[in-house]
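Student: In case you want the letters, here they are:
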Amino acid sequence: MPPVAESTLSVRADFPILQRRPNGRPLIYLDSAATSQKPEAVIAAIADHLREHNANVHRGVYALAQEADAAFEGARTRIAAFVNADPLTTIFTKNVTEAINLIAYSWGRANVHEGDAVLVTQAEHHANLVPWQVLCRERGATLRYLEVDEHGGLSLDALDRELERGDVRLVAFAHVSNVLGTINPIAEIAGRARAAGALTVIDGAQGVPQLPVDVAAIGADFYAWTGHKALGPTGIGVLHGRREVLERMEPFLTGGDMIASVDFDGATWGELPSKFEAGTQPIAEAVGLAAAVDYLAALGMERVREHEQALTARMLEGLAAVPGLRVVGPLDAAARGGLASFTIEGLHPHDVAELCDREGVCIRAGHHCAQPLMRCLGVGATARASIGVYNEQADIDALVHALQSARGVFGLDGSRNGAAA
Amino acid sequence: MPPVAESTLSVRADFPILQRRPNGRPLIYLDSAATSQKPEAVIAAIADHLREHNANVHRGVYALAQEADAAFEGARTRIAAFVNADPLTTIFTKNVTEAINLIAYSWGRANVHEGDAVLVTQAEHHANLVPWQVLCRERGATLRYLEVDEHGGLSLDALDRELERGDVRLVAFAHVSNVLGTINPIAEIAGRARAAGALTVIDGAQGVPQLPVDVAAIGADFYAWTGHKALGPTGIGVLHGRREVLERMEPFLTGGDMIASVDFDGATWGELPSKFEAGTQPIAEAVGLAAAVDYLAALGMERVREHEQALTARMLEGLAAVPGLRVVGPLDAAARGGLASFTIEGLHPHDVAELCDREGVCIRAGHHCAQPLMRCLGVGATARASIGVYNEQADIDALVHALQSARGVFGLDGSRNGAAA
Amino acid sequence: MDDLYRDYILDHYKRPRNFGELDPHDLEALEHNPLCGDELGVHILVKDDQIEDLRFHGHGCAISQAAASIASEELKGMKLAEVGELGADWMIDLLGIPVSATRRKCALLNLKVVRGAVTGDHAWPT
Amino acid sequence: MDDLYRDYILDHYKRPRNFGELDPHDLEALEHNPLCGDELGVHILVKDDQIEDLRFHGHGCAISQAAASIASEELKGMKLAEVGELGADWMIDLLGIPVSATRRKCALLNLKVVRGAVTGDHAWPT
Ligand SMILES: Cc1ncc(COP(=O)(O)O)c(C=O)c1O
Ligand SMILES: Cc1ncc(COP(=O)(O)O)c(C=O)c1O
Chain P
0 MPPVAESTLS VRADFPILQR RPNGRPLIYL DSAATSQKPE AVIAAIADHL REHNANVHRG
60 VYALAQEADA AFEGARTRIA AFVNADPLTT IFTKNVTEAI NLIAYSWGRA NVHEGDAVLV
120 TQAEHHANLV PWQVLCRERG ATLRYLEVDE HGGLSLDALD RELERGDVRL VAFAHVSNVL
180 GTINPIAEIA GRARAAGALT VIDGAQGVPQ LPVDVAAIGA DFYAWTGHKA LGPTGIGVLH
240 GRREVLERME PFLTGGDMIA SVDFDGATWG ELPSKFEAGT QPIAEAVGLA AAVDYLAALG
300 MERVREHEQA LTARMLEGLA AVPGLRVVGP LDAAARGGLA SFTIEGLHPH DVAELCDREG
360 VCIRAGHHCA QPLMRCLGVG ATARASIGVY NEQADIDALV HALQSARGVF GLDGSRNGAA
420 A
Chain R
0 MPPVAESTLS VRADFPILQR RPNGRPLIYL DSAATSQKPE AVIAAIADHL REHNANVHRG
60 VYALAQEADA AFEGARTRIA AFVNADPLTT IFTKNVTEAI NLIAYSWGRA NVHEGDAVLV
120 TQAEHHANLV PWQVLCRERG ATLRYLEVDE HGGLSLDALD RELERGDVRL VAFAHVSNVL
180 GTINPIAEIA GRARAAGALT VIDGAQGVPQ LPVDVAAIGA DFYAWTGHKA LGPTGIGVLH
240 GRREVLERME PFLTGGDMIA SVDFDGATWG ELPSKFEAGT QPIAEAVGLA AAVDYLAALG
300 MERVREHEQA LTARMLEGLA AVPGLRVVGP LDAAARGGLA SFTIEGLHPH DVAELCDREG
360 VCIRAGHHCA QPLMRCLGVG ATARASIGVY NEQADIDALV HALQSARGVF GLDGSRNGAA
420 A
Chain Y
0 MDDLYRDYIL DHYKRPRNFG ELDPHDLEAL EHNPLCGDEL GVHILVKDDQ IEDLRFHGHG
60 CAISQAAASI ASEELKGMKL AEVGELGADW MIDLLGIPVS ATRRKCALLN LKVVRGAVTG
120 DHAWPT
Chain Z
0 MDDLYRDYIL DHYKRPRNFG ELDPHDLEAL EHNPLCGDEL GVHILVKDDQ IEDLRFHGHG
60 CAISQAAASI ASEELKGMKL AEVGELGADW MIDLLGIPVS ATRRKCALLN LKVVRGAVTG
120 DHAWPT
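Residue numbers (numbering that gives the first Met the number 0), protein chains in the order written: chain P, 0 to 420; chain R, 0 to 420; chain Y, 0 to 125; chain Z, 0 to 125.
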């Protein structure tokens, strides 16, 4: 394993919620893969927009509406630039789930036919799985699953074999798995799929918050992500699409603001990105998300990645010292994002999370919206600790300490009479 | 016309944006039908949530996640109670446009067949029109239009004639028209449609912000509205559905949080309302909207209505004094919501809005997302002034003054040499 | 002493009573806790309109397993009509620990399963 | 004096040059301003690869009508190849008033229509 740089980030003070001291202890937030905390800059940007510049966008003549317009379209430009995408093909949705449903409904229903196949991996979040199940059922197509190996990796050979069958119309996979942590070779997968004539959909929900992302370089047809995991507010997601594909698609949601003209007999559609943005958009949310990506850009995504990798390495080391603890996914911090899912013998993940909370450590327990993967892993649920820019080494150490205490409460360290069991 | 009570509301000070003084003048915001301004209570509730209680909901074991859960589900309960609806059948969407698309996709595709008809009015917003056009085209059904008379009203006899044809599966109409201002007899329409075996969809985008709304008493199958017009944030809409109907519907968006269980072969759906809430919901937005309805409830919706009616009466009076000005829709303030759309001879609505802005008066110009109605009215566009709880008589007087000045700039008052034209 | 993870809770978790399968059985049901994917099933043997014997199977956290184990001892011998009347309070009282809003479904999963098997009503107990 | 609604703008608005229809014509196009529903069409008569005559029809605000009227005088006699090269700046400069971001489409609608008729490119001028 290459030596990992120590993290040089120390931004906890920028996050108001982390100043809370539940029961007089520091709040140790290790659930960023579920949702991130927000820096004051984001909260202030939203409040400032609502206090100073709020109006509906796109049609207002008055100066206030023009301010709102500039704020909204300016936000789109900054958000697109952050991942090197074109603002014209950068579509706002309410979350990544809607973004993927948009593709399934608009592209899928028109382009996936009986006998076709859609390919996903066994590790997908329900958001990048159930829409494809529904689509395939409706269209008489087949959903096939790319296997995940015991280290949480995908086999490119297996991908090639699937693609060679010639029926795959679309390949959908996560940039970073929210359970295994695996960072997938997305540009490689996108390239092979494209060569085989299949479209690619990348679920970047866990990618954008943690890694430098260059949408143009990746070369997928769709790359989708969600604001609330990237230091931004709830209520906003982002879909980047390939222009030729978006232009040939019918709209998904229809209504105001996405039309060119409407008469009694029908309507014609507006230009990109409006065609896919029906109704009043998440305006204040876009402003908040733009503040979030500005914040991340100022830190530098390379540095964010180094930080998370350093803490992940420390976490993997710490977890390895807990008896009976098994981490799923790759064991090398360089191959994974800033999270670790694990089980502890004799302790259900729910109880692990509950007992961590006693020490102010917030982690998640459950199936993480990846039930099929849980089945592959042979577990019902896992506990998961995930890292954000605001975490520090002390947080990791507190987690490991809390896990040791949890074992103690259940007598697994021999300290309690129940231990005999 | 019955005498109208003077308004007793004076809440301008609660709205930070209205303290702005562009070019040293007060900001006169008369575009609430496009989006409302937000009281400090709403902005503070959102910021406070993000600063103190932010976590993802529904699956977190730790105390912070439970706070977020309580905030989100508590918001749902308050929002449902505000319009006398059941929280279980109160579904969050991103705006009213998505809510109506949800019905069209989930209910419509399964229940509207070749030879069936969907009935809308000529006055619908594109949000309550284009989804039905798309549905009818896809299903081989017919979209029929209920005529709006010269006073902006619907004929219940015409409705009965349409229903008697026996093919109408669904009737969709606005509670309050965003162009004409007409308050439709929604309970009456819903009752007749129901008797004829047709479902009803009410677009309450302009209803909830202005009128006391009792969803249970109205008795429609669906009542939808949007947060940002009701003093709440962008990024959230609300759909109230009849329980039996929602239970029989397939979900619309699929993904995390809306399932009961998922395996490789397929998924089963969660209970109401989760079944229709895929992915991370607009959590902070729900908290903000709950603060908004609490604020409105504290004012009292009866009082809000009295206030808007009083200002509307004054506005109609003031507009009548402007030469060449024609108001569309009912001329009696008791029959309409707090807005007036109008044209002025010799002045395009765009220019009217631009010139009003010079005096700090924000009004909207355009087709207001109701192009078919514009065609019926024989105009390309109108100007529209619309009222919120924060408006005062002085705002109305400023509007009338600005309109007079606008005529002056265009020489329509004989003051400028161009006047000869 | 721990408020939640009391000795008797851990004891029931580690040595659950009436766990396993019952074949043949007269009634059965299987339910998931959607929050965590936990699964709990029950087999019931009926005689004279009462539960003669029952066994739980599946997996879950300490709260859900202890609740099933503790409840199983009370359910044996209970009239089927009575089972239909059991509410959330019965189970929570029986558990004897403070159950947070989030863990409530853990505590109630077994009652949901048993009521489902007996009455066909698959709603969460309230 | 008003910055935007200068005398010549109002004059072109009230007495637009080259408005109406041209039949027969060689080229035509019709476009909407999606922001307000305004509609503008053009008929063009071509001779020797240049615009011999043209007429606008439709309705719009003072800015869009004045822009069409002012532009019509420049377009007459212009080579078709040149029309394809015209950008937004040409029109904005010709108008001679400060055009806000929102009113930009009003000012550019006529150029969009003319370019559409001549080149088949229906994008907004940039
Ligand atoms: C009557 C009516 N329906 C629907 C809408 C659409 O609302 P939203 O854009 O929030 O979906 C509006 C407002 O634009 C409206 O006035
Ligand atoms: C990999 C992955 N995909 C999709 C999602 C869904 O994101 P959202 O709920 O914001 O739509 C998540 C997070 O829950 C995720 O981790």
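Hints listed in this document are in silico derivations from the structure and should not be mistaken for laboratory results.
Cβ coordinates follow ideal geometry from the N, Cα and C atoms, glycine included.
Do not take every clue at face value.
Some, not all, of what chain Y presents toward chain P, calculated at C-beta under 10 Å [stated by the list, open to error]:
1) R16
2) F18
3) G19
4) L21
5) D22
6) P23
7) H56
8) H58
9) C60
10) S63
Student: Min Cβ distance, Y:D22 to chain P: is it shorter than 10 Å?
Tutor: Y:D22 check fails; min Cβ-Cβ to chain P is 23 Å, beyond 10 Å.
Student: Have a go at the Y:L21 hint: is there a Cβ in chain P nearer than 10 Å to its own Cβ?
Tutor: violated (22 Å)
Student: Given Y:P23 as an interface hint, is its Cβ closer than 10 Å to any Cβ of chain P?
Tutor: Result: violated, 27 Å to nearest chain P Cβ.
Student: With 10 Å as the cut and Cβ atoms as the points, is Y:R16 at the interface with chain P?
Tutor: This hint is violated: Y:R16 lies away from chain P, its Cβ roughly 14 Å from the closest one there, beyond 10 Å.
Student: Quick one, is the Y:S63 hint okay against chain P at 10 Å, beta carbons?
Tutor: Check passed: Cβ of Y:S63 comes within 8 Å of chain P, closer than 10 Å.
Student: If you take the shortest Cβ to Cβ gap from Y:C60 to chain P, is it below 10 Å?
Tutor: The hint holds - Y:C60 has a Cβ within 10 Å of chain P, the shortest such distance being about 4 Å.
Student: Would the hint on Y:H58 stand, with a C-beta cut-off of 10 Å toward chain P?
Tutor: holds (5 Å)
Student: With a cut-off of 10 Å, does the beta carbon of Y:H56 approach a beta carbon of chain P closely enough for the hint to hold?
Tutor: violated (13 Å)
Student: Double-check Y:G19 for me: the hint is only fine if its C-beta lies closer than 10 Å to a C-beta in chain P.
Tutor: The hint is violated - Y:G19 has no Cβ within 10 Å of chain P, the shortest such distance being about 17 Å.
Student: The hint names Y:F18 as touching chain P; please verify it with the least Cβ-Cβ distance against 10 Å.
Tutor: violated (13 Å)
Hints 1, 2, 3, 4, 5, 6, 7 from the list above are not met by this structure, while the remaining hints are.
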